[in-house]
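Using the sequences provided together with the hints, build the complete structure.
Protein chains: 2
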Amino acid sequence: MLPDFAQAISAPLQDFERHLLEASARIERWFRLEWQDHTPPFYASVDLRNAGFKIAPVDTNLFPAGFDSLSEDTLPLAVQAAMAAIEKYCPDARNLLLIPDARRRDARYLRSLRRLSTILRQTGLRVRYGSVDPALASPVRIDAGDGETLLVEPLVRRGFRVGLADFDPCSILLNDDLPAGLPEVLANVHEQVLLPPLHAGWALRRKSRHFAAYAEVARRFARQFDFDPWLVTTHFVECSEVDFVGGAGVDRVAAAVDRILRQARARYREHGIDEAPFAVVKANAGTCGIGVTPVRDAAQLRRASPAERQAMASGPSGRAVDEVVVQEGVRTVETVDGGVAEPVVYTIDRYVVGGFYRVHTQRGPDENLNAPGMHFVPLPFAASCHLPDHGESVEHAVNRFYVYGVVARLALLAAAVELEQTDPDPSLYG
Amino acid sequence: MLPDFAQAISAPLQDFERHLLEASARIERWFRLEWQDHTPPFYASVDLRNAGFKIAPVDTNLFPAGFDSLSEDTLPLAVQAAMAAIEKYCPDARNLLLIPDARRRDARYLRSLRRLSTILRQTGLRVRYGSVDPALASPVRIDAGDGETLLVEPLVRRGFRVGLADFDPCSILLNDDLPAGLPEVLANVHEQVLLPPLHAGWALRRKSRHFAAYAEVARRFARQFDFDPWLVTTHFVECSEVDFVGGAGVDRVAAAVDRILRQARARYREHGIDEAPFAVVKANAGTCGIGVTPVRDAAQLRRASPAERQAMASGPSGRAVDEVVVQEGVRTVETVDGGVAEPVVYTIDRYVVGGFYRVHTQRGPDENLNAPGMHFVPLPFAASCHLPDHGESVEHAVNRFYVYGVVARLALLAAAVELEQTDPDPSLYG
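From first to last, the protein sequence lines are chains A and B.
Residue numbering for the first sequence follows my numbering, starting at 1 and increasing by one per position.
Residue numbering for the second sequence follows my numbering, starting at 1001 and increasing by one per position.
Please note: incorrect hints may appear among the correct ones.
[What the hints assert, rightly or not] Some chain B residues judged to face chain A by a derived CB distance under 7 Å, without partners named:
1. Ala1084
2. Pro1091
3. Asp1092
No lab work stands behind these hints, which were simulated from the structure alone.
Being a predicted model, the structure only gives us computed values, none of them experimental.
The C-beta atom is built at its ideal place from N, Cα and C for all residues, glycine as well.
What follows is the structure, encoded as C-alpha cells:
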C-alpha cells in the first residue's frame, strides 16, 4: 500500500529530498552526536504534512496511542528499541507500571495498549496497568469487546515510590497526557523513573515551546546540510490570555493570523508557490489536534459568530482554551485510496520504529485529519526510514519515507530539547 | 518459506520449547542482566542443529559472511543494532575501516561485504576497505562480477593507529578470521577499537574454549529456567598434539570418540532416544566447519587409511590440524524443499538481526552442511526471534524461531565470556 502523490512535488523540495538522501550517512552521524547530548523521550508519534513544497511536523505526541496500527513487520524494531531504552533507564528492571489514558476505554485504544504491552513484555518486563483516578478503590477489569480484558488497578504510594498493592515497578510509563493537571498520586516520585517526565503532560507542556525548540533544531540541521529551514518548519505565534467567548484578546489572535499569513505569502512568493496560504489556530496545550481551526483570513476570527467563538473556546477534553498557537498551515498533497492522508511516524528511544498514514475521505487537504471518520493504513515505514535506496529516484516512496523519518527525528530531537528547557529542575541536566 | 519438520519433535524438547515461550519475559530480563556484565562481540553468526530431541549450537562464527543471504526485511534491525554498537565503541565515529577476508574474492562474499557496508553506512559511517596483505602496495579494485567493484587499499600505520593513506578510522572491523596468524600491521593498535579483538581470530581462538564457556552459560541458564542443560549442549573433549599422518595421538582421539559415544549413548537411553549417536572430530582452530568428520565408531579412526588420515590432517585453509575437538554429533531433522537444513542466526551487538537456513540436498542429516553445493534460504527470522506468538502452538515455526534465537544468544553470551577469559590483557575486564 503506497500513497499516491497525485500532485507534483516542487523542484526545490525534490532538491532537498535528493540532498538528504545523498547525505544520509552524514545525517545519521549528526543524529548520533546529537543523542550524545540530548535524551530522547521514551516514545513519541510525529504527525507530518507534505505540502508538495515543504514537509513539516504539525504535532509531536509524547504519549502516543495507535500502536495497533503499526505494521506487524515493524514490531521487532520496536522491541529492539524498547530494549535499548529500558537498559538506559533501569537496566535491571523487572516490573513496569503502565498508566493508560484515564479517559479512553474504546476498543481501539485498548488494542494499542495491548500492543504496547507486548512490546514491553518482550524486553523482559512484567507489565501491569495502574490508574491515576483517585476514585478507583479496587481493581477493575475493562472489556476490550473482543473477548480480552484489561485489569486496571488503583495506584498505591509507598514513600517516594508508587506502585500497585503487590507490584513495585522500577519504571512508570505514562500513556496519559494529563490535560487536567498533575495527579496528586504521582507527585514527588523520586525513587522511580517516570517516562516521559510529568512536565511532558499537557498540564505543563506548551506547543509553542516545542515549536520554538523545533525551529532551533531545524535551523542547526539546515545550516549543517545547507538548505532553507523553511522547507521543514512553519512560522508560528503564541497568544495567551485569550477569551474567545468574552472577546478579550481575539484581536491579538486576529493580528497574529494576519502576521502569519503575511509571512507565509512572502515565502510563497519567494518559492514561486501559486496558492493562498492559510493559518491554523490551535490550543497551546492539548492533544490530538482537536480544536484546530484552519483560517484563511483574519476577518474570519473578527467576524466569528457567538457559536463559532464558543467552538474555538472549548479545547481538547472540554477545557477552556485561553492560550493558542497561530501557525502557518501546511496542506497535504498525499492521498491513499482517494482519501486525504498524512504520515504519522512512531519512535521509541532514538529510533524510528514504524508508522502509518492517517486517512480521511471526508476532509480536504487543508484540514485537520485527526477527526472522527479517520482511518489508518500501516506502512512498512521502518525499512525505508532506515535504508534509503540510493539506486532509486528521489520520488520513490522508499526514499520519501527516509526523508519523513529524518524530519520526524528532528521533531523528536526538538522534544528532547524542549523537555530539558522546561524541566522544573534544570540542574538535572547539568 | 518455512521449514518442514518432517520428523516429530520429542516430548521433552516440546516441553522445553513450551517452557521457554512461557518464560520469554523472564528470559529477556536474564539476557538484559547478563549483558550488563558481558560485552557481546560486534557481530556473530551461530549455526544451530535441531535433532528433534535437542537443539545445540555447533559453530559460533565471530567474523560472519553471508549478510547477503539475510532477508531484506530484517535490514532495519541490523542497522538499529549496529547503531547501538557503534554508539558504545565510538560514539562520534565518522570513519570505519573494514578488513575483508583476504582469501575470498568470490561474488557471494563481495555481496556480503556490500550488504554489511550498507548497514554500517546507514549508522552514519564512512566505510572503506583495507587489506592486511603486506604484498599489497597500491589500491586494487576487485570486480564483483555484477558491474560493481570494491576498492581495497593497503593499510598504513601511524604510531599506535592504523588506517589508509587518507583515512583515519575510529573503529576497525575485521571480517577476516586470521587463521594464518596475527598480521604485523595490526599489532599494538592501541588508539582505535578493533572489532572483534585480535584474539577472536583463529590464530589464538580455540573451539574448546568456546564450548567450555558455552557449557557454563547453558548450565546457569538451565538452572535458572529449570531444564536439563543437555537439551542445548553437547559433550566434547579436546585433544592436542595429534599427528594424524604420523599416527601420534590418534589413539587419544579414538579414546575421546569412545568416551563421547559412551556419554551420548547413556544420555540417549536416559531420554529414550532410539538411535545410534555419532561424534564429530573437528579442528580446534578453524572456520567454516571444513574438516568436520562424523564418526560412528572409534575403530573408524584406528583403521583409517593413509589417505583418510591425510584428509583429517588438513584443516581449513590447508593448515595442518594438530589440535581437535571431539564433540557429540547433532543430526538435523529439518528439511527445506527436500534438502537437509540447519538454521544460522545472525547477531549484531546483543541483538538477533536475522537468519537463514543453510540447505544441502546432497548431504545427510548427520553430515556437515557447510560444504560446496549448499544454498541459503533467508527467513523472516527477526520477527519471531523477538516476538513469540503465545497464541500459537509450540510447534508453530514462529515459536521455534524464538527458541532458536534464545539458543543462539546463549552461544553469543558464551563468545563474550570466552573473549574475556582469553583476553591477553585480562585487567581490561576488571
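Hint check:
1. Ala1084: Since the shortest Cβ distance to chain A is 6 Å, the answer is holds.
2. Pro1091: 5 Å, holds
3. Asp1092: 6 Å, holds
Consistency with the previously given hints is maintained throughout, with no hint failing.
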